[in-house]
Amino acid sequence: MAEYSLIGKGMQRVDAIAKATGQALFSADLALPRMLFGKVLRSPHTHAKIVHIDTSRASKLPGVKAVVTGRDSSDEKWGVFRYTQDQRFLPVDKVRFIGEEVAAVAAVDEDTALEALDLIRVEYEELPSVFTVEDALKPDAPILHEGYRGNINIHVKIDVGDVEKGFKESYIVREDTFIAPEESYFQAEPYAVVAQFDNGGCLEIWMPNGGPHLKSKPLANVFGIPLNKVRVRKITIGGAFGGRSEISPADVICALLARKSGKPVKIVYTREENTIATRQAHSMKAIIKTGVDREGRVQARDITCYMDGGAYSSTGPIATSVPFLCMEQAYRMENVRYNGYRVFTNKPIRGMYRCHGRAFACGVDLQLDMLGEELHIDPVIMRLRNARQPGDYTPTKSYVGSCGMVETIERSAEAAGWKEKFGKLPPYHGIGVGCNSVQTGFPMGIRGGSEAFVKFNEDGGITVISGVVDNGQGNETMLVQIAAEELGLSSDDVQLVSADTEVTPSDPGSYSMVSTFVGGNAVRLAAQDAKKKLFVIAAKALEAKPEDLIAKDRKIMVKGEPERSLPLTKVVRMGLSRGQSISGEGAYWPRVDSRREWVENPTGQLSEAFSFGTTIVEVKVDPDTGQVTVLETWAAQDVGRALNPKIIESQFEGGLAMGGQGGMLTEYHVFDRGRVLNPTQLDYKLPLACDMPKIHNIIVETIDPNGPYGAKEAAMSIAMSAAQAYAAAVCNAIGVYINDFPITPDKILEALKRKKA
Amino acid sequence: MRAERKKPSNRTQKGKRPGKLTSKQASRQDPKHVAQRAAKKISRPATKGAQEHRTKKAAASAAQKHSAKKARGRTLALPTTIEKKRVRLRVNKEEYELFIYPHRTLAEVLRDELHLTGTKQSCNEGACGTCTVLLEGAPIRSCLLLAADAEGKEITTIEGLAESGKLHPIQAAFVEYYAIQCGFCTPGMILTAKALLDKNPHPTEEEIRSAIAGNVCRCTGYTKIVEAIKAASEAQR
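Respectively, the protein sequence lines represent chains B and V. Letter by letter, the first sequence follows residues 871 to 1627 in my numbering. Letter by letter, the second sequence follows residues 3 to 239 in my numbering.
With the rest of the complex left out, here is chain B (with noise of 0.2 Å):
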């Protein structure tokens, strides 16, 4: 195995100084000469026609600059998809939920431009309106969209193998229901814009992003503008999770209040308003029919999924296939069909989310607990008996190569003392366990690679260019660690330009778990690029094949020969003072089948690499209040490579706090005819530092044969088999099922009773 000096190893985040002595910039913390403040008027109604907008008393108040209406805008239509563009960014006709974008103000300061809010006079005509999934499928129900037959938004429809067969030749069957209200994604940071445009009309904007390039395009379609005039800024973002990865019709209003202005505008949103309207969660409720042999392995399995997707298209068609596709990847199933819809409500708009359904992922894992007890089978031996392996192809073809599922499983359960402990626990003492797999990536159609630039200095030190985004992950301590690796150099010779669109060059993104599979390649290719020009220049100079040569510690140097060596510095020097290039440049395209679609063709590779996940919650409840004390957690993922194992584990624990602990036992959303009762952080429970239980982390490694290094996807998977471990546990400690998540204590009070009765 290669030897390196900073892959594997413990690298400080290169954002950490910045963001502990408060000199880290997040949007809201800037402010422009002559800058605004925005702010948006949000409509009352869950559903009604938009009669009249009369803005007049609003304008003339003292110090508004600006007004918008839907007039101001074009008549662009968001979606990811061009059979999803459904939402604008400010509505002329009819608004479809509560805190739904209406019109904008820009003054000089925030309570004038709350004040001029007060003075725009919107005339509604009130619609009726749907909030379930249910009522909106009904044949006589208010229809959202145009065109959308019983608000069905997407109807994603996987069929593979025989699942009749399957079930014909299955020891038992059982079907079971699962649901779960909305969550919320609650990134530390609230949505903040800084919008302005220049004298030549460029575009220059700052705002929370889970891809610089993602947001630039809409703007460009909305503006009207060519994308070189489109300059999203690099900032330090505040987390994502997922929610953060399209255009808000925040980003289009402060840019046209801006236009309209002729001066920077600021909107930083309430706590209130990021829940309501940014993204949040799917609701869901996921019908599982599982059959398996005597052994437990599992024979067919049909699922139907209905998702709550709000009022717009947002992520739809990733969104609806996701939950499934984890799961696909996660255990073998041969025999399978999956019809997952997403309707619309009047509720707000839902995105793809961590977790991906907790009602869908807990759903597939605790009914192979419910099997199991049937057939007498512990859970681990179950999963093991189910778990993918390297070398399968998913239900859906896509070839899983790097796998390292039942080393998971096997080293978590020794690590838990799983044999010792299921069924040898004291009463009300429980211990559950729960798989996950996360793809690398899916197809993105142009977006879908990433190039890097490495450019030289005189002084031997570097700069990386990367459209690469940080949301809090540690992408750019990544970026630069492998650029390190690469050239011999230590990480503070070497400056990161990142997530800026009129710099660095196009990049997917880091909300389909691609940074470091596909950013991360495409700068150490870029790197490479660089190191094989200055090998040329060094070879002739040490007399040396420049296959020969290796770069390490700011020297190149003759493999195996140290003392035949040369300062990087001087090769760079040589270069220069010759006219030779020794810059690098990089560029990375997975592979995965751009024939793939989500819904037309929900076949063919989709990413092109998985990882996979197992994690085991050990729970103590007191029956007397349905009070969960989680004991213990171990945690264990296969990242292909851990490149930076501590930056690795604070992913495993923030995910096990977000989907375990928050998911599965306090985080939820509670609606009153479209409205969000609990939008604010009082009302909306995350957890705290008192709440949290011990982690244990196992990274395990499988060194995937096409990430950098050998790495995969370490992120997001963590926070889905937590929810299901904790789901299982709780259920393990109780001795009764719950299907209806998260398990508060009203739930496992009610359960205990049942079991009783």
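Among the hints, erroneous ones may be present.
[As the list claims (entries may be wrong)] Label-pair ranges, simulated between beta-carbon atoms:
1) Phe101/V to Glu993/B: 38 to 48 Å
2) Lys879/B to Gly167/V: 55 to 65 Å
3) Glu207/V to Gly1605/B: 23 to 33 Å
[Unchecked claim] List time: in silico DSS-like cross-link candidates among lysine-lysine, alpha-carbon distance up to 30 Å:
4) Lys1035/B to Lys1410/B
5) Lys930/B to Lys1133/B
6) Lys1403/B to Lys1325/B
7) Lys1490/B to Lys87/V
8) Lys201/V to Lys1564/B
9) Lys87/V to Lys930/B
10) Lys919/B to Lys1130/B
11) Lys232/V to Lys1555/B
12) Lys1555/B to Lys86/V
13) Lys1099/B to Lys1325/B
14) Lys1294/B to Lys1325/B
15) Lys1425/B to Lys1555/B
16) Lys1289/B to Lys1267/B
17) Lys1422/B to Lys1516/B
18) Lys1516/B to Lys95/V
19) Lys232/V to Lys879/B
20) Lys168/V to Lys232/V
21) Lys1490/B to Lys1429/B
22) Lys930/B to Lys86/V
23) Lys1516/B to Lys232/V
24) Lys1130/B to Lys1099/B
25) Lys1133/B to Lys86/V
26) Lys1402/B to Lys1429/B
27) Lys1564/B to Lys232/V
28) Lys1267/B to Lys879/B
29) Lys86/V to Lys879/B
30) Lys1325/B to Lys1422/B
31) Lys1623/B to Lys1155/B
32) Lys879/B to Lys1440/B
Since the hints were made in silico from the structure, they are not lab data. Bear in mind the structure is a predicted one, so any value in this text is a computation, not a measurement. We treat Cβ as the ideally placed atom computed from N, Cα and C, and that holds for glycine.
For this one, chain B is given, so just place chain V on it according to the hints.
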């Protein structure tokens, strides 16, 4: 040093005429009624984005706003305005003399007037701990404290922790122990940790977790944050 707010556009005297109050109008000016209306506003389920922001300020500025609105509507003209107030703040051992509206919170003033943007704002209702600063060494939520009420007290923000370019041991530990991901909660978290270690230099893990229970972190699961605080505590031994 001081920073003055831009022209208070909605509080100009323009358009106001002296006039007599009707009894109804007078009662509207009554602080009690104003407070009631403010309370009503709070109880109304929020639909407009800035409701939260608005309700917080409502109590402080409703009377004045009301009169300003009426002035524009030409139904009432009562020349009442909220006046800016001179406030002296001592932040990170430096004195600032400010001329600010009395309803402005410490978080707003630190960020907007003093440009100390290391203090972050997230929930604005005292639930997330992101805006934590130290007041006389104790952690407080600067979104809940009026800037004027911090007068004469020693305020420490994240910018005041590193001395002559050297990271405070807690900051250094957060960096070294990978306790930072997106970094938005980090300033508040570090200041809360400082207050803890100043009072209790060698806390148990439980004491650490309890001390930072009011600071929400969405990224880390807290493990590495607790480790960092422990390490900073050990380093003090």
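*Regarding the pair Lys1402/B and Lys1429/B, is the alpha-carbon distance no greater than 30 Å?*
15 Å, holds
Taking only the CA atoms, is the gap from Lys1035/B to Lys1410/B under or equal to 30 Å? 69 Å, violated
Original post:
Taken at face value, is the distance from the CA of Lys1516/B to the CA of Lys1422/B at most 30 Å?
Top reply: 24 Å, holds
- Message: Run the distance test for Lys1325/B versus Lys1422/B: straight-line Cα separation, threshold 30 Å.
- Response: Measuring from Cα to Cα gives roughly 18 Å; hence the hint holds.
Outcome of range test on Cβ distance (Glu207/V, Gly1605/B; 23 to 33 Å) | 32 Å, holds
Is Lys930/B close enough to Lys86/V, meaning Cα to Cα at most 30 Å? Measuring from Cα to Cα gives roughly 24 Å; hence the hint holds.
Between the alpha carbons of Lys232/V and Lys1555/B, is the straight-line distance 30 Å or under? 26 Å, holds
message: Need the status of pair Lys1267/B, Lys879/B: alpha-carbon distance at most 30 Å?
response: Outside the cut-off at roughly 35 Å; violated.
*Hint consistency between Lys1516/B and Lys232/V [alpha-carbon to alpha-carbon, up to 30 Å]*: 17 Å, holds
Given pair status - Lys1325/B, Lys1099/B, alpha carbons within 30 Å = 24 Å, holds
The hint says 55 to 65 Å between Lys879/B and Gly167/V; measuring C-beta to C-beta, is that right? Distance hint for Lys879/B, Gly167/V is violated at roughly 27 Å.
Q. Are the Cα positions of Lys232/V and Lys879/B separated by 30 Å at most?
A. 22 Å, holds
This entry does not satisfy hints 2, 4, 7, 12, 14, 15, 16, 18, 21, 28 and 29, going by the numbered hints stated previously.
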